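**Q** This is what each chain is made of:
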Amino acid sequence: MAHVTGDWNPLGDAFYRKLELYSMEAQWQSKADIPKCKVAAAPFGGPIALMRDDRKSQAPSNRKPDIFIFTASGKPISIIKWQSGHLLDIGWSSTEDLLCIQRDGTLLVYDLFGKFHGRFSMGQVARENEVIDSRIFYNPSSGTSGVAILTGNYKFFVVSNVKHPQSKKMADVLGLLSPPSCWSVISKDRDTYVMLAKDGHLFVVDPGYSQEQSLEGAGACIELALSFDHQLVALFTDKGDIHVFSSDLQRKLCEFSTNSQMRPKQLVWCGNRAVVAYWENLLLVIGMQKNWIKYNLDKEAYLVPEMDGLRILQPDIQEFLQEVPANVSGIFKVASMASGALLYEASREFQKKSQKADEYIRLIHDDLPNAVNQCLEAAGEEFETNIQKALLRAASFGRCFLTNSNPDKFVTMCQTLRVLNAVREYTVGMPLTLAQLNRLTVAVLIDRLIRRCQWELAMSISKYLKLPESESRILTHWACYQVDQKRKSDEEIAACIKRKLGAAPSISYSEIAKKASEISRNELAVKLLDYEPRASEQVPLLLTMGSMEAALRKSIASGDTDLVHTVLLSLQKKMKAQEFLMMLTKFPDAQSLYIQYCRQEQPHLLIDLFYQSDNFQEMAACHIWNSYQQKSMAKKLDYLKSAQENYTRARNEFALKCTEEQQKLLTYQQQIEEKHNISFVGLSVHDTAHKLIKSGLPKLAESIRKDFRIPDKRFWFLKINALAEKGDWLEIEKFSKSKKSPIGYEPFVHICLKHNNNFEAKKYLSRVAPEKKAKVHILMGLYEEAAEFAFQQKNEDDLKQLLRLCGSNRELANKIQNMKAQLSRR
Amino acid sequence: MASHLNGGGRVNIALWRNKARSDLLKCLRECPGSKALVWDSQLTGPVGLIAEYSLLKENEVDRMFPLNPGRLPLAAGPGASAIQSVIFLVRPKLELMSDIADCIRKTEEVGSRFQKDYHIYFVPMKSTLCCQKLKNLQVYGFLKNVGEYCLELLPMDSDLLSMESSLSFKECNLLNDFTTMHYVARALMKMQAMYGIIPKVYGKGKCAKMVSDMITRMRLEIGDKEFKSEPCFDSMLLLDRSCDLLTPLPTQLTYEGLMDEYFDIQNGTGKFPPEKFAKSNESDQQKDLSTDKKSDFKKIPLNSSDELFAVLRDKNFNAVGPELSKKAKTLSAIYDERKDAKTVRAMKQFVSKLPHIQLEKSQLATHTSIAELVKEKTDTDSFMDSLQIQQEFMNGLDTDKVSSYIEDLIAKKESLVKVLRLICLQSVTNDGLKPKVLDFYKREILQTYGFEHILTLSNLERAGLLKFQGPRGFPTLRKTLNLVVGEVNELNPLDISYVFSGYAPLSVRLIQTLMGPGWRSIQEVMRFLPGQAFEIDQKLPPGVEKRKPLSQGNQEDNTRVCLVFFLGGATFAEIAALRFLSQQENSSHGPTEYIIATTKLINGSNWIESLMENPVPGEEESTSFRPQQSRLR
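Top to bottom, those sequences are chains F and V. The opening residue of the first sequence carries number 1 in full-length UniProt numbering; numbering runs sequentially from there. The opening residue of the second sequence carries number 1 in full-length UniProt numbering; numbering runs sequentially from there.
What you were told as hints is all true, and nothing was included just to trick you.
Quick partial rundown of chain F residues pointing at chain V, CB under 10 angstroms, derived from the structure:
(1) Arg534
(2) Ala620
(3) Lys657
(4) Leu665
(5) Arg714
When the alpha-carbon atoms are kept at most 35 angstroms apart in a straight line, the in silico DSBU-like pairs for lysine-lysine are as follows:
(6) Lys412/V - Lys694/F
(7) Lys434/V - Lys772/F
(8) Lys144/V - Lys574/F
What the hints contain is simulated information worked out from the structure, not anything from laboratory work. Being a predicted model, the structure only gives us computed values, none of them experimental. Don't be surprised by glycine CBs; every beta carbon is placed ideally from N, CA and C.
All chains, full assembly: derive it from the sequences and hints.
**A** What follows is the structure in structure tokens.
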């Protein structure tokens, strides 16, 4: 297997290999004059930004620089023609935003496409004293990125998360009167601090303290490098020694002499187990056991540390330096007897149709599951598809001999590899390793693809990996991008978006519309909002865009009355009262709700509202309601008069008359109140007459009866009731004889009994209609007589009831039984 | 506690209660420390169905107050911990907001050594208007948390859910405020998330259409992923009360229905005069949530966890007596077993049954007392007379002229609600009244009960309960749907008409027809009833399949489950009729199990009352009078 291990170099117990990732594209080659440029490359196979560096070039020019942005494969993405102030440094945030630091302490944020996304300042001190140096750093635990600057008066300011820029000043370093020889920012969990070296002193500075750290006999540190996870730090001293410490400087891990007092151009880590120092043409890889590998580079290079290796950017190619992963070295190492190696051999022999395959399998014996695993994982570590295939084939071959093996892992690996290969493709240019992808997660990968406008690939990946949530995100981003296409017409864009997104579930059209509204394409926004099914999303946006009627219409259609009220509230604030009311007439549903609201909160507006919609019936009701709230009679009558007028307009003949009658009643009541000093106002006609009789004013009651045409029957009931309450039994009797009762005489009995006056009740018994006689006798407790009457009337029901009532009276019970028997015989 | 919800049917309502419970606790947990709950008095009953006092206590609810303006007496008694969170649990009603504002302000004025947080939870939904009002009243800033507790539908029994929203019918039919329909739609979405998408939706009436439009829309909004449960329901019927204005009007004649007519069942609890009941030992009584600590009534929970009640509730009242005596006989027979128990083992067996026997005995005593109370009412002449006139109206006898019975009721100034119920019944059964007749009634009412009732009458007219005579339709309706049945077996009914001793509720006849030959068979009738009739198919989300018929043993269970939602209220008589249908095993079109939901459990009286207006401020003083300080726990 010479060709696999050919470029391997041993370093202690491990091997290192340098793989070619890309031969860079022409545009990169033409621009990448690395020595004269400032290069910034984002980790995780991120994009590269390139700009002319005045400090490096011999002839400083006053021309503002251009920033060229490339993919990792050197494909140009965009160019930023710098317009702002003096640009000091550029770098990438963890979300692949380009951070541009100006000398005045302003930080400008751009995206991959050179689109401006905002700015913030590092503070007053930075502005006044200018920034002389800066660092952009990642917090490995939170995944956020921050910025640190050194000002002209040698103060450090740190923003620990660029998404929430809050500039924090670090403690002053005593005696720092010139720039430090080197410095770096360490960010662990929530702590961020600066490590700096100056004239043989090493300082660790946080917002509270500056602490000097002694490094016995190490000499003056002139360069320092933090490992990717911020756990280790490598110091390069003026004696040419490299010291490796844990980043809290508590443990010393290694010391190595390079014998070169020249400061390396770059000192970086390659993974966590090797430090790489780069001088012109020379790359020195130093292991923790003081062993080393030397690579000669024929061109100028720029090193980009990754979590598990190092990207070496050169004008023509890009290489990846990494420690050969254990599984890979286990398989391909010369004369390896690891089970994975044997399985790989077996698989090769099997393809050659050689019986040696069997021998190898036998050699593996019990360790076959491990062997399969090893081949599988090794496949994941490889960049070459041929090798990936060979390894997968070996794993698959091994699986044939396993009885209960779960295919999930194999399937996942194949899927992941397909995704990795797809994004590594030079057209996309994201040279991710498996470890990097796992750290980044597929969701973030998809986000990054979206931000690169690689929607199609992102879509294929989410479909392939069955991630429906991502799909809507991708489509939404795509649509937002379309919205931004200034050349296309609103109709075209809306149609195009609808066509593509129509069937997809849970698309947030409001988000897209919001985007359109932001770039003031309101008409497009309205069109897009039409597709949004969620009214609660639609309506607020329509309101902010000033599409009042549309907002109201949508909120009504949603059936969510609270949403309608929300719209109404905001309309009321924006419109004149009259306008508002006019608009409401166009939306009866909203109008009803508003009326409801007014009923409770602003009753004085009701009349206006009803007037607006010619609802005279309701206006009358309002007036009646109001009339009852008044204390003074004059006002009561006024309101009733208004009610009457409105009933006239509403052509409600009946209500009109009743209202008129009520006014008459009130006036009448007031009169008798004044005359007799008894309160009447508020009583009904019926109750007025009742009270008059009770108060001994039968004449007045009689006149009410006439004036208000109280029907005879009701008047009789009313009168005997009132008289009974008064206890005027004599009068009742007189009344009963005044003429033939229109209500019969049964009620007379009832009323007497109600007042427990059996004596009086008896007087009327004989005059009760025959068919009701039994009933009244029962009420009086005269069961024998009742039985007789019931028998006469042949009323079996009454007899039945009597039977129940007579209870212990055997004699009567027998009699009734007899009667019943007689009746049923007939 | 909630055993009555788990009826063993296909749809387990106990799940619904559990969800509501955990939602409530989630709200409580958002408020740290020792809590004081301040109740909207209308919510104590409903929330009491979800969580008992002990559960709240376990979750650090240490004090409870009714919502009143004025300072909260928070000063802790000796040993009690200081209140850290004050939680207002209120309906989104504007009038409550000023009380809250006053309460917060006064409580803050007094100050305390301890910092308090205020939280407000709207039930069932947050309201912009209320928040706005709180802002205007300048107390919004005091609120740490403004949330919602989505409790729309209350679990009342294993087959019954209600929103207990008494104004729903009025708001929808008179005020054009369909807020409650939005709540219905929200509740249905939650139900579908729990019990699966309901594949078939039928509906009749304006509100029904509205709800169905909303759930279709909400489905789009929410997306499919929320609805992965296997469908428990086969179909749903949304029935607008305005399609059947008739059924609530006559007196219900089932046991539970009569109980509701006379003793006002609220939130599954009936209130009875206490004299009739033997003193039970108070200690075992559940402390309930309601804040009125001493009432003059005996409160009895009425649900199917009471086995005897489960048997009696839906029976015609005339069948209740025989059933009670049958029960008494079996009980005493079981009791007599004691004498036969000669061996120790037999004795032991008997003793083990004792607790259950005792429970049954107490249930028997309770229901005998209740039945006697009901009987006192039904034995009166006025009850019988009123029934007679109702039957006459149903049969179309003399509906065209002024009823002297009603005339006399007015003359005697009997309860206005009773009078209105009868006039409405006459109007509905006669397709409206002749102008002369209606105006006579109206005038009599205004003269007798007062002019202010002109507003109530106008409401009834707008609701369609009172109207001038229009085209005749009721006779056809009565004939086609066989609404009035002559021969009724009240003891062993064969038809739903037993619930009114002769009248089969129109609403339930419609359901029966729908589940049988379908509405297409009665197009003429459907045209006559107001509002559109519709049916829609709801697509199941991909990957979710229709419920397969469960095979139990050899028998294939092909019972269909239908959710019937009465929009605007349902009576116990209708519920009884549907339960009767659920039990019919061999109806022509296969067995159907009905789960019933409604905006409110109503009877004719409280329904009519909900439509009445009272502009007279006279009683205001007594209602607005509130004790300055409540001295409740």
